[in-house]
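Residue numbers (this note's numbering), protein chains in the order written: chain A, 1 to 373; chain B, 1 to 374.
It is worth saying that the hints were derived from the structure and are not from the lab. Keep in mind that this is a model prediction, so the values were computed, not measured. The C-beta atom is built at its ideal place from N, Cα and C for all residues, glycine as well. Treat the hints with care, as some may be off.
To be verified - Footprint (simulated), chain B over chain A, 3 or more residues, beta carbon under 8 angstroms:
#1 136-150
#2 329-337
Stated by the list, open to error - Here are a few chain A residues that sit away from chain B, every Cβ distance over 12 angstroms (derived from the structure):
#3 H23
#4 L34
#5 I36
#6 G49
#7 I202
#8 Q204
#9 K205
#10 S220
#11 G222
#12 P242
#13 L255
#14 T257
#15 G304
#16 E305
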Amino acid sequence: METETLNNNFKSEEYFINMGPQHPATHGVLRLLLTIDGEIIKKVEPDLGYIHRSIEKMCERDSYQQIVHLTDRMDYLSSHINNEAVCLTVENALQLEIPERVKVIRTIIGELTRIASHCLWWGVMGMDVGALSTFFYGFRDREMINDIFEETCGARLTMNYNVPGGLMWDIHPNFINRVKKFVAHFKTKIPEYDQLLTGNIIFQKRTKGVGVLSKEDAISFGVSGPVARGSGYSCDVRKYHPYSALDRVTFNEALQTEGDTFARYQVRIQELWESLSIIEQLIDNIPEGEHRVATNAVIKLPKGEFYQKVETARGELGVYIISTGTKNPYRLKFRSPGFSNLSALNHIAVGGKIGDLVATMATLDLVIPDIDR
Amino acid sequence: MFRLIIQYCFSITDIHASVIGLRSSGITRSIQDWLSGMMPEATAQIVGMVIIALIYLGIFSVAGLFLVLIERRVAAWFQLRIGPNRVGFQGLLQTMADALKLVSKELTGTERADKFLYNLAPYFVIISALMALGLIPFTKAFQAFDINIGIFFLIAISSIGVIGILLGGWASNNKFALIGAMRSGVQTISYELSVGLSLLTMILLTGSLQLSEIVEVQKNGWLIVQGHIPAIIAFMIFMIAGTAETNRAPFDMVEAESELGAGFHTEYSGMKFAYFFLAEFINMFIIAAIATTVFFGAWLSPFGITESIPILGVFWFLAKAMVLVFLMMWFRWTFPRLRVDQLLTLEWKYLLPINLANIVIMAFIVWQKLIIQI
């Protein structure tokens with residue numbers, strides 16, 4: 001009897017807490033409805049729609065050249081790869097012969113984009129677990145890539161360098177030199193990343209065994225990219241369905257089997273090395289030729305359904321176009337990696353502390369406009 | 001009537017003086033001596049105390065602002081940035097300008113906050129910091145009051161600050177603030193033990209709690225040299241626990257901006273926020289100052305090279321304290337944050353047992369007279 005009253009007096013109550021839409025750890029306008037018991041998370045309900053711009057609907061209105069520009073605004077950290085996905089779909093539908101030069105340049109810039117995205121992710125990851133300095137180190141290296149982009153494409157973030165049929169213009173004469181310089185520079189900086197964060201005992205304690213996603217769950221949640229590869233699910237689109245110039249390079253797919261936050265972290269660090277090696281293989285062998293093949297001013301896709309997937313920095317991005325033969329798509333659907341990756345959050349964060357949730361979310365590497373579109 | 005009040009106050013101070021052995025030392029004594037030439041003894045004592053309080057308020061705010069500036073420059077240095085260097089020479093007036101901005105800001109608060117406690121909370125934090133500051137021996141003369149339970153008093157005072165954080169977090173009527181405040185309570189209660197025990201280890205060496213006597217003992221070599229191995233262990237534990245006490249990274253569970261937004265001071269704005277902010281930096285300085293006093297010979301110069309010029313004591317004291325402050329900033333800008341359960345594991349499973357063993361070792365060393373004296 002006595003213990004019962006004692007238990008009643010000290011009964012803990014679950015409570016709700018609104019994490020976001022304005023919260024430093026959600027990196028954008030994601031709102032998480034947390035059910036918490038003390039510090040322990042009982043339930044995570046993501047609430048989406050705060051940055052929904054109905055990009056897919058806008059695509060039905062626009063011409064195929066215009067659609068490319070909209071995709072910049074989805075996953076803005078891999079804007080070049082998003083552009084490439086739409087261009088590849090349209091080019092495949094039109095059965096255009098794309099010059100080799102275009103393919104190689106697209107791949108190089110794609111990999112640079114991936115490095116830039118991972119640099120930002122690394123900085124933010126450190127910041128989320130409390131090591132504020134990493135942010136600036138990540139941005140230092142990302143800035144070099146952005147400068148290269150600025151010189152060649154005229155933009156730093158939303159690049160719009162791809163057009164159906166090739167590239168908007170040829171690369172800048174400095175491009176090859178600067179990329180080589182960057183590769184040499186960055187090779188000395190990844191060990192610095194490891195020194196600053198990876199080897200840190202507190203960081204390892206914070207991430208090992210936290211937010212574990214098994215391989216089976218990864219597959220059933222439709223997770224892709226580094227998140228899935230951290231769980232041992234080999235799913236690199238670049239490996240299985242190579243596009244552009246990726247069929248002529250050799251690289252290893254970064255794989256870890258633990259499935260925890262640290263495994264996902266290691267996969268991304270490993271991917272930095274792999275991307276560097278892809279760039280090194282291609283940068284000296286950019287074939288001469290045209291940077292673009294001529295297309296009709298008004299592109300009309302043949303009647304039918306077309307699908308193309310690419311590997312962005314976050315995972316598998318699919319573009320699905322239904323065309324009725326007019327200058328606009330009848331329906332266009334993006335299969336964005338962020339949305340599927342977010343769906344696993346509730347499964348892997350429950351039972352952890354608030355700090356675990358933040359660390360887990362950091363390695364899911366969510367870009368909210370990619371989820372909401 | 002006025003006379004009665006004065007007499008009453010005087011008798012209280014008198015009683016306290018006899019109970020805790022309050023000896024107005026150095027600066028306080030000289031100010032009171034100077035004043036007593038102009039007014040009755042009791043009035044002189046009270047006016048003297050007010051003047052001392054004002055002097056320390058000045059030190060408090062100037063030191064606080066200066067430390068904020070140093071923190072920003074150090075952070076910039078760690079982070080490949082330049083830091084504030086536009087306002088005044090090398091940005092010296094930057095934090096002053098920030099403080100002016102904070103003073104001019106509107107004090108907003110939450111609607112259903114407990115107004116009284118909400119407004120009271122910042123004062124707990126700064127008063128505890130200010131009281132601790134009064135005990136710091138900058139030089140032999142420059143110490144507001146020197147009591148025979150100095151170290152004990154410092155530990156006691158430093159735990160009052162957490163009441164302010166708890167109150168602030170609770171009265172804000174904000175869940176994030178409440179989580180931050182609860183974490184702070186848990187953290188401070190745990191790490192208080194390590195701070196106390198690591199200082200206790202050193203007390204075994206000095207045989208006195210009074211700060212001036214602790215300094216006096218170190219004329220034969222700083223305590224970290226005298227006590228060698230256990231003293232070094234105690235110093236490391238003290239720095240870890242001290243960082244946790246001041247709620248700084250890697251133990252900033254209380255604020256944890258990536259988890260809780262701003263933690264306990266989420267709902268504070270303007271000058272009330274500045275109080276919390278300044279107190280954090282002053283507390284950091286106090287931890288460094290205690291470490292300087294207990295481990296590194298306070299105002300004593302290395303090998304007594306400037307023994308003949310007492311005023312240089314301030315320089316030596318600040319130099320030593322600043323090195324330790326820099327160490328704490330170094331922690332902050334390179335380490336990730338611990339999780340709340342790891343924080344408690346570190347204290348209860350590692351620091352506390354090591355500390356207890358360390359005390360035994362120190363006792364053995366003192367008993368066997370294995371002390372190194374120069």
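Here's how the hints hold up against the structure:
Counting residues of the stretch 136-150 of chain A whose beta-carbon sits less than 8 angstroms from any beta-carbon of chain B gives 3, enough to reach three: the coverage restraint holds. Restraint check on the stretch 329-337 of chain A versus chain B: 0 residues with Cβ-Cβ distances below 8 angstroms, three needed, restraint violated. A beta-carbon of chain B is positioned within 12 angstroms of the beta-carbon of H23 (chain A); the least distance is around 7 angstroms. For L34 (chain A), the requirement that its beta carbon stay farther than 12 angstroms from each beta carbon of chain B is not met, with the minimum near 10 angstroms.
The non-interface label for I36 (chain A) is inconsistent with chain B: the shortest C-beta to C-beta separation is roughly 8 angstroms, within 12 angstroms. In this structure G49 (chain A) is separated from chain B by more than 12 angstroms, as the shortest Cβ-Cβ distance comes to about 22 angstroms. Its closest Cβ contact with chain B, about 5 angstroms, brings I202 (chain A) to no more than 12 angstroms, contrary to its assignment away from the interface. Not every CB of chain B is more than 12 angstroms from the CB of Q204 (chain A) (nearest about 9 angstroms), against its label as outside the interface.
Interface exclusion of K205 (chain A) from chain B breaks down, the closest Cβ pair being 6 angstroms apart, not more than 12 angstroms. Listed as outside the interface, S220 (chain A) is consistent with that label: its C-beta sits roughly 29 angstroms from the nearest C-beta of chain B, beyond the 12 angstroms cut-off. Listed as a non-interface residue, G222 (chain A) keeps its Cβ farther than 12 angstroms from every Cβ of chain B; the least gap is roughly 27 angstroms. Taking the minimum C-beta to C-beta distance to chain B, about 37 angstroms, the non-interface status of P242 (chain A) holds against the 12 angstroms cut.
Once the 12 angstroms rule is applied to beta carbons, L255 (chain A) is consistent with being away from chain B; the minimum gap is 25 angstroms. The non-interface label for T257 (chain A) is consistent with chain B: the shortest C-beta to C-beta separation is roughly 24 angstroms, beyond 12 angstroms. Distance check for G304 (chain A) against chain B: the nearest CB is about 47 angstroms away, which clears 12 angstroms, and the non-interface claim stands. Non-interface status of E305 (chain A) relative to chain B is upheld: no Cβ of that chain comes within 12 angstroms, the nearest being about 43 angstroms off.
Violation of the numbered hints given earlier is confined to hints 2, 3, 4, 5, 7, 8, 9; the remaining hints are satisfied by the structure.
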